[in-house]
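Asks: The chain contents come next:
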Amino acid sequence: MSEEKFDAIVVGGGLAGLTAAYCLAQAEMEVLVIERGTFCGSKNVTGGRIYTHSLEKVMPGFAEEAPLERKVTKERVALMTEKGVVNIEYASGKPDTPETASYTVLRSKFDKWFAEKCEEVGVMMVPGIRVDSLIKDGDKIVGIDAGGEEMYADVVILADGVNSLLAQSIGLKPELKPEQVAVGCKEVIQLGEDVINQRFGLEGNDGLSMLVAGDPTVGNIGGGFLYTNKDSVSIGIVATCSDIGRVDVSIPDMLERFKNHPSIEPLIKGGLPLEYSAHLVPEGGFDMIPKLYDNGVLVTGDAAAFVINLGYTVRGMDFAVESGRLAAEAVIRAKAADDFSAASLAYYQKLVENSFIYTDMKQYRNFPKLLERHEIFNDVPEIADVLFDRLFRVDGKKPVSLPMFAIDEIAKRTSASKLLELVMVALDAL
Amino acid sequence: MAKKVPVDDKLGYNNFHTDESYAHIEINSDFKDEEEIRKVVLACPAELYKYENGELAFNHEGCLECGTCRVVSGGKVVKSWNHPYGEMGVTYMQG
Ligand SMILES: Cc1cc2nc3c(=O)[nH]c(=O)nc-3n(C[C@H](O)[C@H](O)[C@H](O)COP(=O)(O)OP(=O)(O)OC[C@H]3O[C@@H](n4cnc5c(N)ncnc54)[C@H](O)[C@@H]3O)c2cc1C
Ligand code: SF4
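Sequence order for the protein chains is A and B.
With this note's numbering, the residue at position 241 of the first sequence is 241, and numbering never jumps.
To convert a position in the second sequence, counted from 1, into this note's numbering, add 1000.
Worth flagging that the hints you see were computed from the coordinates, not collected in a lab.
Heads up, none of these hints are tricks.
Stretches of chain A that chain B covers, calculated by requiring three or more beta carbons in the stretch to come under 8 Å of a beta carbon on chain B:
hint, segment
1, 41 to 49
2, 123 to 135
3, 159 to 166
4, 169 to 179
5, 185 to 193
6, 239 to 249
7, 269 to 280
Partial selection, computed: residues in chain A whose CB lies under 8 Å from chain B:
hint, residue
8, Arg36
9, Leu106
10, Arg107
11, Glu256
Idealized CB from N, CA, C, for every residue including glycine.
Isolated chain A, as found in the complex (with noise of 0.2 Å):
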């Protein structure tokens, strides 16, 4: 093989990773994925919910084929105190096209099926092998040295994920900072279609994306969340990197917190566990995004940090799928000027900056720091709690007149200097 020269090589069968892939072979370029998981999808862990949009452009109607779980049809927030929630529920009702529909999804079995389409149309699949170096030859790069086996390539790109030691060990991007990662740690637990339906209130195909604030991370920033999927659950924690240590729970336990909440253990009650994971979600938005090219290499998906977490909403696999697209038609363009020089490559930044995943970032820039604030995650489920806990609680006694009592309640945690401060970094933010 050592012989041989690619168009392209990718490293990573992840969604950006394929995507790139796939759009490459249909071009009829020569192409390589190597991962090293056993099969692509077996290091993959997500939430997850995708929005379809971007895969949409790439195979459209793959939803009709593809082994996803059930399509979101229910949203819910909850704000979480140690003992109560309060739930938002919202059901649009309105059909969804193809471009508008979101599906919850295990990677796994997802990536699986999305590698063997590539198979289809003539992606060299090479699972089972690490990447452990890029070849360089003067400034550029020229190909991977997989355990002292070396492949060449016009063209590397780079789809290995948020760990991306790879686009660090040449510069692209510096380590991860703790503040700009958070630790994902997730449970799948089977619990059989009928009962899923009767606990979450749904029908059919239709599932539930629901997403936590409050007392699974006991304050710290982050999160909990719930997926429905066919016949089990995802359900997990995701929890911001720097504030571990802050208090004395670990990760693992915010997660069994999570599951043992009054709310939440009756909709698991009984479900057979199938999997432990963990990951890492990049979070620091859009000041997080490194250089995306240099001299015969590219940076796509959560390597490239193409992450924005909401708090209500969590993207990140339809920017990978994005970028891995875009990536595939910079590479197609360089191919054709037979220019794969940093200036070249540089039309993928270029489409980047046009497309979806910019704009979407970059209106978000903010964000990260309103996350920062701990009063969102202290305060603000507790302020919930106690407003509600007064609003049906009856007891006979003289009321207190709500906004009274809310403005008391709210007094008593923040002052109205700091409670201004929260409001303008929540303006800037969104």
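Based on these hints, arrange chain B with the ligands on the given structure of chain A.
Replies: What follows is chain B with the ligands alone, placed relative to chain A:
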């Protein structure tokens, strides 16, 4: 928390193919800053960092390959971190 499931039991749900001949993570056992050690102990979803009697012990068996320990320790507790070799480590069937 009455019904806390031990992490060891949870790791039992997964498929692991542990590489006995290569530790993809190495720790700095000489590093003695308790606050830094505490953070890494709290951070690891697989509870692989054990701190007892002033000694930090680590074994990569059961690693979920998330990278959290590396990021949290900022080069102090964790000396080196890499992905396991191909096919080694955890194989997720759900994801
Ligand atoms: C807990 C959690 C919840 C999330 N929830 C959502 C959600 O609901 N919706 C959403 O859109 N996004 C969500 N995200 C984000 C989303 O999962 C990611 O943005 C997305 O998976 C990124 O895809 P990727 O292809 O860039 O990277 P990955 O899927 O991580 O793929 C990287 C691939 O590269 C391989 N690899 C790495 N290094 C090497 C090497 N040296 N050699 C060979 N192969 C290598 C890996 O094995 C892996 O297969 C969530 C993330 C987490 C962790
Ligand atoms: S990579 Fe994750 S699971 Fe493995 S030792 Fe580090 S923190 Fe623990």
